[in-house]
Amino acid sequence: MVRSVNTFFINGESFINYCSDNDFNYTIYIGQKCKVLRNGKCFIGTLHEVDSNKNTFSIKQNNGEIIEINCADVEEVFSEEEIGTIINGQSIDETGLLKVAMEINDELN
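Heads up: the sequence shown begins at 2 in my numbering, then just goes up one per residue.
I should point out that these hints are in silico values taken from the structure, not numbers from a laboratory.
Keep in mind it's a predicted model, so treat the numbers as computed, not measured.
Take the hints with a grain of salt, since some may be wrong.
[Stated by the list, open to error] SDA-like cross-link-like pairs, simulated, lysine to any residue; straight-line CA separation at most 20 Å:
{"hint": "1", "residue 1": "K42", "residue 2": "E69"}
{"hint": "2", "residue 1": "K61", "residue 2": "E14"}
{"hint": "3", "residue 1": "K55", "residue 2": "F10"}
{"hint": "4", "residue 1": "K55", "residue 2": "E14"}
{"hint": "5", "residue 1": "K61", "residue 2": "L38"}
{"hint": "6", "residue 1": "K42", "residue 2": "A73"}
{"hint": "7", "residue 1": "K34", "residue 2": "I45"}
{"hint": "8", "residue 1": "K61", "residue 2": "G46"}
{"hint": "9", "residue 1": "K34", "residue 2": "V75"}
{"hint": "10", "residue 1": "K42", "residue 2": "K61"}
{"hint": "11", "residue 1": "K34", "residue 2": "T8"}
{"hint": "12", "residue 1": "K55", "residue 2": "N7"}
{"hint": "13", "residue 1": "K55", "residue 2": "I70"}
{"hint": "14", "residue 1": "K61", "residue 2": "V75"}
{"hint": "15", "residue 1": "K34", "residue 2": "T47"}
{"hint": "16", "residue 1": "K42", "residue 2": "E83"}
{"hint": "17", "residue 1": "K34", "residue 2": "G46"}
{"hint": "18", "residue 1": "K55", "residue 2": "I67"}
{"hint": "19", "residue 1": "K34", "residue 2": "N64"}
{"hint": "20", "residue 1": "K34", "residue 2": "E82"}
Turn these sequences into a full structure, and let the hints guide you.
Structural data, given as C-alpha cells:
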C-alpha cells in the first residue's frame, strides 16, 4: 500500500509525489505512465492533469477516457519506473500490465 499521495505545482510544473510503505519516494510528471488502484479498481494510463488546490489528478487511459482521482482515495500507485520492473522473473510491457490489472479487477469483483 501507498503511505501518502500528494499533488504539487512548483515552478510551473505539475506532478504527483507518493511514498511507499518501504519509505521510497516517487514522482510522476504529466505525460508519464502510471497505474493507480482506487476503490478496488485499477486504472492504467498517462498522468494527464494535476490540481494541487483540490489534491486531485487525472489519468488518460489508452482508450482516451480520462479518470479523475482524489489523492485520499488512492490505495496503491505505481510509477512508470516501477511498471517496468520484473514481475515473476519476467519483464512485462504495458499489454502484460493491462492483463495483470484485469485479473486483479476480476478477483476483486
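Do the hints match the structure? See the list:
1. K42 with E69: holds, 13 Å
2. K61 with E14: holds, 18 Å
3. K55 with F10: Distance of about 12 Å is within 20 Å: holds.
4. K55 with E14: With Cα atoms ~16 Å apart, K55 and E14 stay inside 20 Å; holds.
5. K61 with L38: Given that 20 Å is the threshold and the Cα spacing comes to 14 Å, the pair holds.
6. K42 with A73: Between K42 and A73 the Cα gap is close to 15 Å, so the pair holds against 20 Å.
7. K34 with I45: holds, 8 Å
8. K61 with G46: holds, 5 Å
9. K34 with V75: With a Cα-Cα distance of about 16 Å, the restraint between K34 and V75 holds, given a limit of 20 Å.
10. K42 with K61: holds, 15 Å
11. K34 with T8: holds, 16 Å
12. K55 with N7: Given that 20 Å is the threshold and the Cα spacing comes to 10 Å, the pair holds.
13. K55 with I70: holds, 10 Å
14. K61 with V75: holds, 16 Å
15. K34 with T47: holds, 4 Å
16. K42 with E83: The hint holds at about 19 Å.
17. K34 with G46: Within the cut-off at roughly 6 Å; holds.
18. K55 with I67: holds, 17 Å
19. K34 with N64: holds, 14 Å
20. K34 with E82: Since the Cα atoms of K34 and E82 sit roughly 9 Å apart, the hinted pair holds (cutoff 20 Å).
Of the numbered hints given earlier, the model fails none.
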